[in-house]
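Visitor: If you want the building blocks of each chain, they are given just below.
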Amino acid sequence: MVVKLAKVDVVVVGTGWAGGVVSAELSKAGYKVVALERGKNVTRDDYIGVKDELRYTDRYEMMQNLASDTVTSRNYVDETALPVRTRKEVMIGTDLGGGSVHWAGATYRWKPYDFEIRSKTIERYGKNKIPADMTIQDWGITYDEMEKYYDRWEKTAGISGEPDPIGDMRSSDYPNPPMKESPAIRLFMDTTKKMGYHPYRVPAGNLSQAYVNPDGEQMNQCMFCSFCSHYGCDFGAKSDPLVTVLPTAMKTGNFEARTGAYVRRVLYKGGKATGVLYTDTMTGEEFEQPADVVVLAAFTFTNNRLLLLSGIGKPYNPNTRQGVIGRNFNAQFNITFLGARGFFKDKKFNYYMGAGALGATLSDFAGDNFDHSNVDFINGGGIELRQYGDGAIATNHVPKGTPGWGEEFKKNSIYYTNRSLVVWYTMATMSYWHNFLDLDPTYKDNFNDPLLRVTYKYTDQDRNMAKFGIEKSREIMEAMGADIIDEDEVPEEFDHVYDGMHYAGGVIMGTDPATSAVNNYLQMWDVDNLFVVGGSAFPQFAGHHPTATIGALAYRASEGIVNYLKNGGQLVEAKQKSSIV
Amino acid sequence: MADKSTGTNGMSRRTFIKNSGLVAGGLVGGGLFGGLLTNQFQKKPEILSDAKMSGGLQEARVFINRAEDFNILSAATERLFPKDSLGPGAIELGVPFFIDKQLAGEWGMNAKEYMKGPFITNIQAAGNHNNSNNQDSQGPNAATQVPAPTPRYQSILNRSEIFTLGLRKIDQVAQEDFGARFVDLAPDKQDEVLRMFEEDKVEMKGVGSSNFFYLLLQTTLEGAYADPVYGGNKNMMGWKMKEYPGPRMSYLDKIDVEEFIVMEPESLRNYQGH
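Heads up: the sequence lines are chains A and B, in that order. In terms of my numbering, the first sequence is residues 1 to 581. In terms of my numbering, the second sequence is residues 582 to 855.
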């Protein structure tokens, strides 16, 4: 029996940056908000004294328990997908605060080119520059319109950084100065400056100083303790929803976060969402939470799966290329973050120290910052050097040609601990008609609901851009003076390992309901009171880390939800239907 | 109540600072603090005196039933991570006990993995096994992964079952192809056996032999370098070889220092103040 609860103004599914920002903004505006989180309740106290590499990095303590559900994965439309069974093969965040708690903290704004990629590519290079298979599209919003939301989120999160010297318009500087500079970062900055590039410090969600954000939340200075990416912060010095937007929402008295609440359906009647159905994971009881507005702000996979399971929106069909839910799935998998690793025979770096977003970068080969007339791809990516602070288990990098185990491996892996650096290309990934999400016909979860199926393959664009990035990284590593340089290899195909949590799309933004699921307020075209917030809205993936854009979109969506609650109706007028083949 | 006879002399400076930190941080209320203080005072001094020694009483099998299976595991891990002039090998580091404990727990039992059917147990034959994928060497998680490839896990067997089958298979291959028990083979012959597993040349029931081999390699390296609380990295000897300091509160005053800084390692036990 389903227990029907009292109606609230807004029910939010998910408590990461997307759900957290929406919860804070709506509860501050006076609306009653309930957020549902499938994972457990956690506080900062859960992360004090847990500097344990095995438990957090190798056993994925903070990732979703896959026993009930995971995704299935295949490369091609005619293949049988297999479930991605282990947490070593797929990282999905869970628990209060979501993936935003164990993130590294690298925080880039995406570029004007990214938001209007189709128009701007055609404008500069002509229509033929975009391959026929590629389904990239403009977002229906420009960088100039996004700027104030980026600015707001950066202030909420207390980002520490300096402007990109060849970057775009900013209404104000980062709220905190860049983090301290380590010798490895100094080497990268000095070297790339000499090469004529424009390096700058990675904008970081690790705080360079104590800071109080505009909502009055206090964050502390980062200690460079190195237990950062994959970990919750020991010190409240990494910006995450647990130390920012969730307490902000809580203080209003209008907010309740319900953990162990596994949402299974969006309830839908007469063109409107009426609430959500969820199961209490502690008792097995089923509840209906009615609401005036439903916000899906979970991870990309969950946002897509819930819409497909609920029968809301037209599912994408790759054969007809019609339908929208699941369309343009895009991600940064094992063909991204490739570059060159340098081994230094006579120089040691204190690489056991660090922080998730401690690093340096340059945007000279990002977006459309360089001429693509003579290269066989569009877009680009940042080039980064990061000093995460490497654990003892992870630090086993050896020069190519070293066996994978035995005497020589042991000797080299120990010798080169603290003697190797990597420079990589955080390249963009474009969208294609053949990369999409739908429901798996075979594999089910504990409730007998189908799992989400991912169909994803690489293209020449991916391989060409990766090769380009590796070459540029190699040149930098050479100039940095490494004695041995190993270039990464461009993989032939996607390997079904979902590393790094940068998977997006499927419920994408746009101007046309035929090719997008949500408008530029993240409001569904088909259902006025349903907003779908998060990386699921990205029509394609830009060449930088995604979190700032998710945070900014969440502020944009919050504005839209308040508008909707006041005035109702569609907030954006749809453009005429485009013809799609 | 606190026992006055032990007094503050029974507390190390570290313990005292940690308790003070608890008060200053306001993380515990008065009543609870009293309880913690009492517990600290009741600790026997000898526990603190061997704070850097791994517990010998924990070196017993809790998953692997047969002593001969454990001996095969010991010999195999020692070949993957041998003792040499740099320092101890897998056996001296307690790696076999580490692996045994891992197999007994949630990881060995695949408690948090998706283990619903149908299972494709001949995935090698299906050709999308991804045997060469080495996440540690490149790509998004290059800074965090163990240097062991990640073939697609599609077996109906959990990891502890794979280890049991794999260890016995190692001995079977040793006897059939090399004419002796694995533990009695010369090191170079032992390597040959292991390489056959690595290269998927051994047929195992329900799982690829390389899947087993990479789990063995992964856990061997984890056992050498994980916090000693898990039974490996005995006396932090793995960390000492790497000049790894263990968990520390802060590098705020060191992060910009040019010279390499070597510190005597400390473990989670130190960090958490037990």
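I should point out that these hints are in silico values taken from the structure, not numbers from a laboratory. Backbone N, C-alpha and C define an ideal beta-carbon position, used for all residues, glycine too. Mixed in with the good hints there might be a few duds.
[Stated by the list, open to error] Rough simulated footprint, nothing fancy, chain B against chain A, three-plus residues with beta-carbon under 8 Å: (1) 70 to 84; (2) 149 to 160; (3) 196 to 202; (4) 276 to 286; (5) 348 to 361; (6) 427 to 441.
[Claimed, not checked] Okay, derived cross-link-like pairs now, SDA-like style, lysine to any residue, Cα gap no bigger than 20 Å in a straight line: (7) B:Lys-835 - A:Asp-215; (8) B:Lys-821 - A:Gly-406; (9) A:Lys-314 - A:Leu-439; (10) B:Lys-664 - A:Tyr-415; (11) A:Lys-32 - A:Asp-528; (12) A:Lys-40 - B:Lys-770; (13) A:Lys-348 - A:Leu-439; (14) B:Lys-693 - A:Met-282; (15) A:Lys-411 - B:Lys-693; (16) B:Lys-770 - A:Lys-444; (17) B:Lys-697 - A:Tyr-125; (18) A:Lys-444 - B:Ile-672; (19) A:Lys-269 - A:Lys-40; (20) A:Lys-155 - A:Met-169; (21) A:Lys-269 - A:Pro-315; (22) A:Lys-7 - A:Lys-314; (23) A:Lys-411 - B:Ile-672; (24) A:Lys-155 - A:Asp-215; (25) A:Lys-348 - B:Arg-776; (26) B:Lys-693 - A:Gly-406; (27) B:Lys-697 - A:Pro-450; (28) B:Lys-770 - A:Asp-364; (29) B:Lys-664 - A:Lys-40; (30) B:Lys-770 - A:Asp-526; (31) A:Lys-193 - A:Asp-364; (32) A:Lys-411 - B:Glu-673.
Visitor: Each of the hints needs a verdict: does it hold here or not?
Guide: Each hint, compared with the structure:
1. Judged by the Cβ-Cβ criterion of 8 Å, the stretch 70 to 84 of chain A is covered by chain B as claimed, because 5 of its residues qualify and three suffice.
2. With a cut-off of 8 Å between beta carbons, the stretch 149 to 160 of chain A has 0 residues touching chain B; three or more are needed, and the interface restraint is violated.
3. Given a C-beta distance limit of less than 8 Å, the hint that chain B covers the stretch 196 to 202 of chain A is violated, as 0 residues qualify and 3 are needed.
4. Given a C-beta distance limit of less than 8 Å, the hint that chain B covers the stretch 276 to 286 of chain A is violated, as 0 residues qualify and 3 are needed.
5. With a cut-off of 8 Å between beta carbons, the stretch 348 to 361 of chain A has 7 residues touching chain B; three or more are needed, and the interface restraint holds.
6. Proximity of the stretch 427 to 441 of chain A to chain B, defined as three or more residues with a beta carbon under 8 Å from a beta carbon of that chain, is not established by the 0 residues found.
7. For the hint pairing Lys-835 (chain B) with Asp-215 (chain A), the CA-to-CA distance comes to about 32 Å; that exceeds 20 Å, so the pair is violated.
8. This hinted pair checks out: Lys-821 (chain B) and Gly-406 (chain A) have alpha carbons roughly 19 Å apart, not beyond 20 Å.
9. Our distance criterion of 20 Å between C-alpha atoms is met by Lys-314 (chain A) and Leu-439 (chain A), whose separation comes to about 13 Å.
10. Distance check on the hinted pair: Lys-664 (chain B) and Tyr-415 (chain A) sit about 15 Å apart at the alpha-carbon level, within 20 Å; holds.
11. Restraint check for Lys-32 (chain A) and Asp-528 (chain A): satisfied, since their Cα atoms lie roughly 19 Å apart, inside the 20 Å limit.
12. A hinted pair counts as satisfied when its Cα atoms are at most 20 Å apart, and Lys-40 (chain A) with Lys-770 (chain B) does not qualify at roughly 50 Å.
13. Only pairs whose Cα atoms come within 20 Å are accepted, and Lys-348 (chain A) paired with Leu-439 (chain A) is rejected, the gap being roughly 50 Å.
14. This hinted pair checks out: Lys-693 (chain B) and Met-282 (chain A) have alpha carbons roughly 17 Å apart, not beyond 20 Å.
15. A hinted pair counts as satisfied when its Cα atoms are at most 20 Å apart, and Lys-411 (chain A) with Lys-693 (chain B) does not qualify at roughly 35 Å.
16. Annotation: proposed proximity of Lys-770 (chain B) to Lys-444 (chain A) is violated, straight-line Cα distance about 46 Å (limit 20 Å).
17. Note on Lys-697 (chain B) and Tyr-125 (chain A): the hinted pairing is violated, with a Cα-Cα distance of about 49 Å set against a maximum of 20 Å.
18. Restraint check for Lys-444 (chain A) and Ile-672 (chain B): not satisfied, since their Cα atoms lie roughly 43 Å apart, outside the 20 Å limit.
19. For the suggested pair Lys-269 (chain A) and Lys-40 (chain A), the alpha carbons sit about 31 Å apart, so the restraint of at most 20 Å is broken.
20. For the hint linking Lys-155 (chain A) to Met-169 (chain A), the alpha-carbon distance of about 16 Å falls within 20 Å, and the restraint holds.
21. The hinted pair formed by Lys-269 (chain A) and Pro-315 (chain A) meets the criterion: a straight-line CA distance of about 18 Å does not exceed 20 Å.
22. Only pairs whose Cα atoms come within 20 Å are accepted, and Lys-7 (chain A) paired with Lys-314 (chain A) is rejected, the gap being roughly 28 Å.
23. Restraint check for Lys-411 (chain A) and Ile-672 (chain B): the C-alpha separation of about 17 Å stays at or below 20 Å, so the hint holds.
24. The straight-line distance between the Cα atoms of Lys-155 (chain A) and Asp-215 (chain A) is roughly 9 Å, inside the 20 Å bound, and the hint therefore holds.
25. For the hint pairing Lys-348 (chain A) with Arg-776 (chain B), the CA-to-CA distance comes to about 33 Å; that exceeds 20 Å, so the pair is violated.
26. Taking the CA atoms of Lys-693 (chain B) and Gly-406 (chain A), the gap is near 31 Å; set against the 20 Å cutoff, the hint is violated.
27. Between Lys-697 (chain B) and Pro-450 (chain A), the direct Cα distance comes to roughly 12 Å. Compliance with the 20 Å bound is thereby established for this hinted pair.
28. Taking the CA atoms of Lys-770 (chain B) and Asp-364 (chain A), the gap is near 53 Å; set against the 20 Å cutoff, the hint is violated.
29. Proposed proximity of Lys-664 (chain B) and Lys-40 (chain A) is contradicted: the alpha carbons are some 43 Å apart, above 20 Å.
30. Pair hint Lys-770 (chain B) plus Asp-526 (chain A) does not hold up; C-alpha atoms about 67 Å apart against a cutoff of 20 Å.
31. Between Lys-193 (chain A) and Asp-364 (chain A) the alpha-carbon distance is near 11 Å, which keeps this suggested pair within the 20 Å criterion.
32. Straight-line distance between C-alpha atoms of Lys-411 (chain A) and Glu-673 (chain B) comes to about 17 Å, which keeps the hinted pair within the 20 Å bound.
Violated hints, listed in ascending order, are 2, 3, 4, 6, 7, 12, 13, 15, 16, 17, 18, 19, 22, 25, 26, 28, 29 and 30; each of the other numbered hints is respected by the structure.
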